[in-house]
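Q: Spelled out, the chains give:
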Amino acid sequence: MTLMLADRPGELLKALQPIARNGGNIISIIHEREGATGTYVPVSLIVDFPSYENFRKARMALEDLDINIIKSEEVVERVRFTVLLIGRFDLKKILEAKIKDLKITGFEVSAPTSKEFCVRLNIEVPKGEVDSAVNELKKISREENVLFISSL
Amino acid sequence: MKAIIIGFGFIGKRLIEVLNQKISLLKRIDRSFKVIGVSDSRGYIFNPDGLDLKVLSKISGTHEYSRYFHEGSSLDLIEEGDADIMVEATPTNIKDGEPGLTYIRRALSIGMDVVTANKGPLVVAFRELKRLAESRGCHLRFEGAVAGAMPIFSLINECLQGDKIIKISGILNGTTNFILSKMHFEGSTFEMALKEAQERGITEKDPSYDVDGIDAACKVVILANALMDRDVRFEDVERVGIRGISPEAINLAKRANYTIKLIGVIDRNLEVAPKLVPLNHPLCVHGTLNALHIETDLAKELTIIGYGAGKETVSAIMNDIISVMKGRLAGQSSLTQS
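For the record, the sequence lines run as chains A and B.
Position 50 of the first sequence, counted from 1, bears residue number 50 in my numbering, the numbering being contiguous throughout.
Position 90 of the second sequence, counted from 1, bears residue number 90 in my numbering, the numbering being contiguous throughout.
Keep in mind that a hint or two might mislead.
[What the hints assert, rightly or not] Cross-link-like lysine-lysine pairs, in silico, DSBU-like; alpha carbons within 35 Å at most: (1) A:Lys127 - B:Lys167; (2) B:Lys95 - A:Lys103; (3) A:Lys138 - B:Lys254; (4) B:Lys95 - A:Lys139; (5) B:Lys195 - B:Lys300.
Keep in mind that the hints were calculated from the coordinates and are not lab data.
Next up, chain B with everything else stripped away, as it sits in the complex (with noise of 0.2 Å):
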């Protein structure tokens, strides 16, 4: 299998790192398995016979690996249709989900399968790129888009198959969570805590993104959308954010066994609100984790709990290329994550 990655920036370098750490991994399900291409805003790297990951994993820009350096776009990288997948991990764009929206119709649209883990062109046009996917057999995996290295959607699409699903509720953002456990920990006011997080460099450039419930309500759209067969936009998510929380507020929940938590809810409603999350409740994780909370028919009550964004997102990504590996290889009809 022939790969090419859209985006070279945090999530592509570490992927890159990560298939070079395990290329042994791949080869082993298909002995065929190499990048070919990889692009950046400067341009891209293209060698149909496989680009070197030593190399890959070495440079900061495509312009570096001036062998194969091509002036030129993403498309270009996608229209030279050598590629089975495309892993493709550009900047999120809520707002018209571009550039990543083309990119995936583009490569679905000549039979490629696409693996992202952006979220913008999953809120944006979902059921269109979905349906697109099975039009031509391709798949489309986004894993890594919800809840980072949480595998929700494995979870519910291959060990819930006879479940339904009732309800979804969990901690969508881990910047928030972090926000709040400092404010619920350490008496922090909002400010003080949302600097601290900044600092840190765990906050997206434009905060209200991650405390006005942006980023928890695109996951939310993605969530009802994928597995609950519904069709969602943005605008139909309550949203509140974090902002007003006080420490007064935190400590009148503290004194009651509560804290408080930026919480997504899906069910016949979609909402994200800061809720009272009682301090034994399997949704009360601290710290920069998220954490889903199910609740399907069968099963009744499930938790997962991990890392959403950041380094750890890779996981699902490689996850992803191996499950669209090991599907070419059997012939698989299950396509996407829904």
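Chain A with its partners taken away, still in its complex shape (with noise of 0.2 Å):
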């Protein structure tokens, strides 16, 4: 999103704070002093929101701060979730798997002396590709037979 901030200090990190109140991650914060306008100037802001609720929410709260957003665009909301993998398998697999947009977000691996060879992943991917990415990660387990536990 792009908002046009008054240009003097503090008025970044009052935008800031809805942002974090309602959870948003910021990726990228980019003053498009080329863009100014007087007393304005534009700064576009790439964050990431645990969900789109939580955008709507902060950008309610900048609204009701008079922060002016003239850009409000290319929400890509995702789904993040956690899967159990249990058997020795190459991580490899799921890296390169045919998953859209598939992020790995986190993992944990069991203690390498175990017997037994675990690992939870932290999963991210466009919604509406949930179900088709634990499709093919159940596909994977099956071929490198391993035991697949999805969350609920």
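Combine the two chains into a complex, taking the hints into account.
A: Below, the structure is given as structure tokens:
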């Protein structure tokens, strides 16, 4: 989203507070000084919100603060979920899987000394791709003879 | 109303005890209520004027009630034809539903209402039995067949009549919940937890029935057919059991605020599989408890928790018997729980 902020100290902080309150994680901030008009400067933000609802609430809170949102687009709703895989397998198989826009945002592996290897993956995919992602992970698990446990 | 009880095992005996304790409740609804026959593998006892529930409560087999004992089969007792309602409590057989399926078919076909807690006949021939009951104007009730004492069919059929059921998911097997709870809280291995479950007598004779998800899959089939107007069979359920769950896997789940439960899911697909359940999710119940989460178009989300097997199942059977009694008195039209 691009916000038109007054070019004075503290304005950016004021704008970031409702974003943070709604769980927004700032990916990038660009001051577009070449687009400044008088005392206002456009600031473009790429923000990762936990849900569309959080984004909507943050946008409303910004409007309540009289912050002018001049552009708000390219909302890509993504879903995060956790899976567990039990058994030895090559993690590359999942990284190379044909899952649209898959991101592994975190993982934890059982102690290397343990008899049964298992890994917990935090996965993120675009909303609407969850079923196909889970089906693809199930397929890989079957091929690798691994027990796949999805979240409820 | 005259009742016969087919099967004098754990559930049959417990039912007799409860009928004896609560006979005044039943008599208040129908003064003529009596149990006129009981059968087991040795034969049957039959007295058209009613059997003494106190005596029945004290015997371990029908042959001990020698005054009215007959060497014959359960089918012979059904064929005596005097009963209005048959409570079928024979052991579950999911391969062909027998012997319960034959008893239910026969009872319905001669116009007897039927109450059962036996999954086998319902898994094998739900549609057929439902049609038979409807064609004969008989009640067929089976609350105890799924999730024991939890009134899932009554809740949905009587309290959510305007709702469309979108999804049902839940813990449908108390034994696997006991095992996974032991692994979660005490760090037990699967083998240790299974052994403890066996020592406590809460597993089936063949534990694969529980731990490989067979029992839960049967319940998924019944729920799908009875509540979501599906026509599915046991083979349609994608099934994975809990044998492969390791303590390391439980630990990894715990560190991310999850636990692992064997969950049955009925939506577009039918599935029984271990799932990661958030620790704050309503389905995160422990020990031998069962839990069902129902998603509907109007009520949105409901969760029901309770004991799914054992002596508590008699609660569901009693409710079914009373519902049939009241239905008969009211000339009720709703005959089956679907």
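Q: All hints, please: hold or fail.
A: These are the hints, each one checked on the structure:
Restraint check for Lys127 (chain A) and Lys167 (chain B): the C-alpha separation of about 19 Å stays at or below 35 Å, so the hint holds. Distance restraint check for Lys95 (chain B) and Lys103 (chain A): the Cα-Cα separation of roughly 44 Å exceeds the 35 Å cut-off, and the hinted pair is therefore not satisfied. Restraint check for Lys138 (chain A) and Lys254 (chain B): the C-alpha separation of about 22 Å stays at or below 35 Å, so the hint holds. Of the pairs offered as hints, the one joining Lys95 (chain B) and Lys139 (chain A) holds, with about 29 Å between alpha carbons and a cut-off of 35 Å not exceeded.
Pair hint Lys195 (chain B) plus Lys300 (chain B) does not hold up; C-alpha atoms about 39 Å apart against a cutoff of 35 Å.
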